[in-house]
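Novice: Here is how the chains run, residue by residue.
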Amino acid sequence: MTLVVAAGSILFIISAVAVLLFTAYPSIVSNELGFFTSANWNPSLSGTVETVNGVHRLTGSSFGILVFIADTIASSGIAVLLAVPAGLGVAIFLTEIAPRRISAPISFMVEMLAGIPSVVYGFWGLLVLGPYLFYTVEPYLSQHLGFIPIFSGPISSPGLLSAGIILAIMIIPIVASISQDMMARTPKETREGAKALGLTRWEVTRKIVLPYAKTGIVGSIVLGLGRALGETMAVAMLAGSGVQILPKSLYYPFSTIASYMLLNLGAAVTDPSGMELSAIMELGLVLLAITVTVNIVARLLIKQGFASSSENAVRV
Amino acid sequence: MSEKQMQIESERDAENHDRTEGTRPLPWNDSRVLFRYKLRRIVDKIVVAVTIIAVAIVLYPLLDILFMFFYRGALAISLPRLTELTSNLQPGLANAIVGTLLLVSISTLVAVPLGVLGGIYLAEFSEGGKWSRTYASTVRFLSDVLSGMPSILLGYVGFLILVIDFGWGFSPMAGGLILAILMLPYVIKTTELSIRKVPLKLREAATALGATRTQLVNRMSFPLALPGILTGIILSISISVGETAPLIFTVGNSDYYSLCLIHCSTNFLTNIIWYFVYSPNSYGPNLAYLSAFLLISFALVLNITARIGLRRLSKI
Amino acid sequence: MLAVYAIALVIMGMYGYIVTTTAQPQYASNNCISVVPGSRSLPDCLPSITLSETGSALMYPMFQLWASHFTEKYPNIQINTANTGSGEGESFVSKGLVQIGVSAAYFSDQQILANPNLQNFLNIPLAVTATLVEYNVPNIPATMHLNFTAKVLSDIYNTTIQYWNDKAIIAINPGAASILGAENPPVGIWPFYRSDAAADTLLFTQYLSTVPDWNASIGSGLTVHWPSCYSIETHTCLSNIPQAALGNPGIVIQAAPIVGSISYVSVEALDQWILPLGLHAGRLQNQAGNFVNATDGHSVQDTLNALSGNTPPDERISLVNAPGTDSYPIVGYGYALVNMQQLNPEFANVIRTFLTYCILPEDGSSPDYLNVYHFSPLPGPVLQLSLNQIAQIGP
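Residue numbers (the working numbering), protein chains in the order written: chain A, 1 to 316; chain B, 1 to 316; chain C, 1 to 395.
Note that these hints are calculated values from the structure, not bench results. Do not rely on the hints blindly, as some may be mistaken.
Which bits of chain B does chain A cover? Going by a derived footprint, with three or more residues having C-beta under 8 Å, they are [unchecked claim]: (1) 36-43; (2) 134-144; (3) 157-163; (4) 196-210; (5) 241-252; (6) 293-299.
As a list, the in silico DSS-like pairs of lysine-lysine whose alpha-carbon atoms are at most 25 Å apart [claimed, not checked]: (7) B/Lys38 with A/Lys303; (8) A/Lys303 with A/Lys207; (9) B/Lys38 with A/Lys207; (10) B/Lys45 with A/Lys195; (11) A/Lys195 with A/Lys214; (12) C/Lys167 with C/Lys151; (13) B/Lys197 with A/Lys207; (14) A/Lys195 with B/Lys38; (15) A/Lys214 with B/Lys45; (16) A/Lys188 with A/Lys214.
Where a beta carbon is used, it is the ideal one built from N, C-alpha and C, also for glycine.
Given the sequences, and given the hints that come with them, work out the whole structure.
Specialist: Here's what the structure looks like:
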């Protein structure tokens, strides 16, 4: 009986993917490879229905998701870029530097960050982070670093910078706690031996702990990346909703795949030919493929980090 | 070596001691070594400072979020707010709270039996032949995939299948089912983990006493694993409390109570925050603060309990 | 630990029980006389029904007001209102997920062709709305309203005009020439549009479509393909391509702090969002060539006088760019999209009553309600047409 029940999870995911595939089929057939290489997403809702190769679509419509992919990668990239030093710094602090009395509550608090719902993050971002960036940070950056193209541009409150920062805040607990676990597994003898040889704490960390834990740490970063790629609510609130804009500037509103899907399902259903709905489903499949791959890679890395960390060479 | 030779050598050493040129000085006299040592100490101190800064940067948003929403939420607490409906003139959160509880109950009722039984299967009954082991690893793999799936995709699937095709309309049943699917991987994983933690000796003892596999599970493994299983359930409940994206498409919105299952929509706490951001004239800021306050408290309490429990679980 | 959770669970259950049972509405008896279809009188009581409405952001505050007063009159009726945008309003009502979908766009012939089911839907105007163009230009006094023509606006939105001191803008704003011309460095124009499927976008782009170039390239609709850096070949693409903003009043909130921004929003946001945030509404050029303000007191009325007589029985007509000396050019009906076939007679009865309530001048369309959001009531003949359509809701 439990066997049948265990089939439940298989059933759900297979049916979910099947539904997505089925609905996306017209778009897959009609848009083919241009879907992935074109940067022009134009549902052309004012066009008329025509039939091209047996598939209904609207005149003048073209669906290219390059912009969404670029924006998603840009925002997640910024998030990872910001989260890795912070998360590793926290992990190093907690394992190497802080005494037990301090590290336990701080570790606790960092894990609390993971428990806050993402809408609340988005809400806080709009109330606090957005205005702070808009009035303080972005003018400063744009003035002093404006010669670098990515820091120039019109200042806007929803934008790549604010979404990237909020995503970073959301994935720091993942990076920090898993890295901390990995780093805590270095054998005491090696660490103590290094200390006995006179290495400072930082050198112990750098030469012994980090190499030991590096597979797991990389796994945690990839897991955080997977989380950032799929995050919907906070990004929808903080990224604005710009479309057709490759990320040229840190401040411009943009849409990730997830936030676009959230905000445009209603409009997509108004397409009388059904092509926009199909295209959004195909977009969702792309997101699914990306996040599933990233998650699997992350879990493999973490599992490997747990298992074979003793094989990582230790050099003094 | 004879005594005489040793004496000569020590005299030579003494001479070498006095000579300052052409000899390598001892480490505690060598200014270069001393300098490098001081440098290493300084670098170590800088690193400590940097990690402390990292911790401060990471903890600041957490504390800001907590303080801001607790403060403003506490200010917004009033009896009408907690007991009135969100409809128009004097809005309150009552139906949103009831809606969240309803959704969480439905999802728990669906996910717990499926997940626990599935986890029991994976832990106890899957050791058999090759077929059952492949089946089990497929289930585990797909369960991992499911946990990494962006929730908005499940929301889309729920919208297409449950809301439209099944004809349920916006309903708590549809939302609850989708939440259950989201919860499932966590319940399965923690159930399997906690049953596996039951010591082998006890298992062998029970089998030696003649227990069948079912009896083993029912009378022994399960009760012993119960704390861990409950921890997993609590963790998954905390995740489902904070979910918004899938619910927006499957539950819709409502200003009244609905304790029904299909063909009626209900309001839920995360929806209040999302709508306040998206349409600021729907609900006042006070409702949004209070809703965030309730959400954070609820999610945090559950999350912390679960993580403490999980920590204890994995350390056995 | 388990005990704590059990107690918490029990408390939550009690809370839910107490709260839901003590707040039940008083159910009137179900022996309610149903309203005669097409009449203007409202019944004394109604069967207990829950209605759901969703859709247009610009009609949403009005619906909130109507729903709250309607449910005061009939306490056993529950009406859910939601603000999800016109596109979702149309799509949800066509799938039967809500009973009333609100949109400033009626179902077009095209849509009906593709989805024949839409022939069963009535497009019932409930009120008349207007769309404003607001801007944030420094040093323009509040009493001065900048003028805009459709050509200038279409050039702004396809970034041909990039600065506020452009010749074309100064040409139609001689009074502001000194202020605009003195900008140094020149203030860039940052146009905003609604990213969700919006009634305001439809009305605004219909106005822009009076310019042949715009009509040929971008056209009109609830959402359109706004110019981006990939579609402009005629001049360098600076960063001031139109930016998306989400929601109404989201567009005002987002555009307000940006110096040089220009955006469009419905007139209902004037008092609540536009003025408090420091934006100013502009004057638009109508078909007769005059620049009019939406809140002049009679500009919207002039449009209605000119065009509403042409309203066909199914009331699908665009009111944009009306003739008339003082007509305001961006005006539209706010439609309720309703299925002619409801689930049962009770549903039909309640929907008919509610819609009738909304448009009757002594009830929902009284000046007390409409003036709060600067809506205009339906003209007499159109009111009768709407009542005729409402009468068709069955069974």
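Novice: Hint by hint, which ones does the structure fall short of?
Specialist: 4, 7 and 13
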